[in-house]
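Engineer: Oh and the sequence shown: position 117 is 117 in my numbering, straight run, nothing missing.
In case anyone wonders, no lab produced these hints; they're calculated from the structure. Glycine residues also receive a C-beta, built at the ideal position from the N, C-alpha and C atoms.
Okay, the calculated beta carbon distance ranges per label pair:
id	residue 1	residue 2	range
1	Trp534	Ala337	58 to 64 Å
2	Arg461	Pro746	52 to 58 Å
3	Ala337	Thr173	30 to 36 Å
4	Asp514	Thr767	41 to 47 Å
5	Gly730	Arg400	33 to 39 Å
6	Pro62	Arg194	37 to 43 Å
7	Thr694	Gly730	16 to 22 Å
8	Asn777	Glu750	21 to 27 Å
9	Asp313	Arg194	46 to 52 Å
Simulated crosslink set (SDA-like; lysine to any residue; CA at most 20 Å straight-line):
id	residue 1	residue 2
10	Lys539	Glu506
11	Lys658	Leu771
12	Lys658	Glu681
13	Lys539	Phe572
14	Lys305	Ser469
15	Lys539	Glu357
16	Lys658	Pro775
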Amino acid sequence: MKRWWILIFLIGFAVGFSACGGNGSSGDDDHGDDDSSVSPVDDDTAGDVDDDDDNDDSSPPPWNEPALPLRQTTSLDGTWSFTPEGYPARDVTVPCFWEALPSWPDWEQYACPEYLAGTPDEFLQITEGEGWETRTIHRGTYELSIDLPAPPPVTRLRFEAIHHQATVFLNDTEIGTHTGPYWPVTFDASTAVRTGENALRVELNDGQALLGDDGITRYPVGYYSLTDITGLYRSVTLEQLPAIYLDDVFIIPSTRRDDLTIQYTLVNSTDHDTAVWVMSRAVSNSAAVELETTARRLEIAAGQKAKVVVVADWDGAERWTPVNPALYTLRSLVMDATGAPLDLREDRFGFREVWIEDGHFMLNGERLNLFGDNLDDQASRPRYWGPRYLSCETAPETFRRLKEDLNINLVRFHQAPPAECLFALADEMGLMVISESPIYARVDILPPFNRGEEYVENGRRWLADWVVSQRNHPAIVMWSLENEMFMYGFGLRMEQVFSLRIPAQEADAVRRSDGVVTTPRPVSWDGDGSFLWWFYPAKPETVNWHYPFLNYFTIYPGNEWFTDAIAHYEPFLIDGVPTGVGETMVDRRTPEEGQTLDMAKALQGSAVRAMRILGFSDIRPYKLNWAWHDFDPEGNEHPWAPYYHGLYTIEEKERLVKHLRESYHPIAVFDFEYTRVGPNEDGSFGPVALPAATAVERTLVALNDSFLPGASETVAWTVVDETTQTEIAGDEFTLVVPQGGSRVRPISFETPAVDEEHELVLSVTATMEDLPNGPFNTGYRFVVGP
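Make a model of the complete structure from these sequences and hints.
Structural biologist: Below, the structure is given as structure tokens:
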């Protein structure tokens, strides 16, 4: 870290803290309210009703399966015509980016080279040594011809993401505009569509369109995506719907109440008021109907939306957990007054509930500890890393590596959301997710440039849309509202940062007629939760640190890193609130500056071990790409490897990955004292010196994050004199460790009397029946001298 950067930190923090006024008050919101009092969103739609059936004397009709599909979705992905401003048209692939990077390894597999065909070299310029791109083309037009039979009553065009500003036309009729990246947007094309050939045109501007006259963005755009991401880079679909249809189905399971709350949003596109019935079936993967709700009657005014909330008791639903990611499909049927089917929609969900209790995250009534990695391949380098590791095609292998090879149970999609298919994949694999918004501490929002309410209001609007688009995914266990927007004095005042919880939690909750407000997921302020906890009057529900160093200004550069990980992290654990460290242990230094890269990798594992022993709820070193990215035979991952935190080396990778894998193992058993030992230059640990001919006591800490409630773990340990190949001591015992908790077990052995140095190894194994991760195995090295 350079000294000028420290100066910016101090100035930014002082400005940011003083700007919050010291009392956290604001004229716009009551920020002193407890989060549990947040009420659901009121869309001001006509015809809203609740789940009270007293106003309905009609007999509900039975389920009436439609003979033919009532809705149809067609992918428009494929070849489009693209005309960059000032250049001839060419065929391109959608989804993809405007840019291609032929200088990167294997670029042909992932990039879209046709975007560059026939354009001059300056279309894309690489600034040598920095990796930031500049472009001369900022506007382009996409066109596609769509041949349709007689269209249904409702035709919509859905874009999973548009970067950054677009006006959409169908048959030369403007059907809508959109500004801002990352979230899905749908345009109603019903009045413009026609039978036969239809001409779709999207006039698109890049990120310059989001800048004000001062050159500052007023929109949440994540990591430098004003230049990194442009175009129709996610899927486009054509939706053909009936005249009365389900626009949204919000599914809220509760394991505490053993019930299912369903909020239906229906649309009546006709010119007359209509009475309809709505009901649902929950279907298992084996196609068995596990639950059927009673049909509910409601009236929808002409051209309006209506919401209805239905609650169904469900005792015996199979719980979704990381080790048993059971999924259901909710089939929701709309019928007319006579019982004839009007619409049938399917949504997938898992029966699980996440909440905070006694300072811990809870999943289905069991303590939940989150430990994993921060992924930003979809955001910071999306044109190469994104397709390579986090596309719909490549993500299954990436997720397998993370969950099976590293024992990770969670990923945070840092800086911006990924493609929708990744959430569905996480649901299926039981890989938990923290979904993060693109409200990100960019350089161009340094104080005092962007503390205006325009940015905050655009962020709040985005947060609500973001939550609605993702809230049925069981794998998402927490919303990360923003990243470091106050931590370094960047961007926002404290009350603005704190207020971001309101739209997210409102969109993730429903008020039922029995007065119950369903519990929204927990929210975090990644990197800012710690500042809110210490300095803001209304306490956050979670605390999340980034780079928590008590000696922050002395460890960079040229000073020794800490060795005692327990002592290092213990001061940052806060009682009574789930405490996490969302980013830690990043480093770019060379061995000449006091630390090797292998030491940095080993310290990531040590940090995980220490925080698990201490009881942190959310543990995510930054970053672990070195452990799961691919390398070429020379050990290089890509040309930016030296820039990207200096952790990309093939040297000693397997041994260091093993250390990390053990650190994340759900039933790990750690030697407490050894956790206080720092790494050697090669990333190894020990040997720790012990006196000869002495009774030695060690403390084993057994953990259980298996999510196999009631299971016991068998722990075995042996001490072997490696010099003589003699077993000195050993034992085996069974422990019942509560889910998310730990048990301490002292062990002792006698060191041999020796005339020369002997190396001892304490080997520890732990097994648990039905644990998919397999047994835990590790070893601790000691040296005994005369």
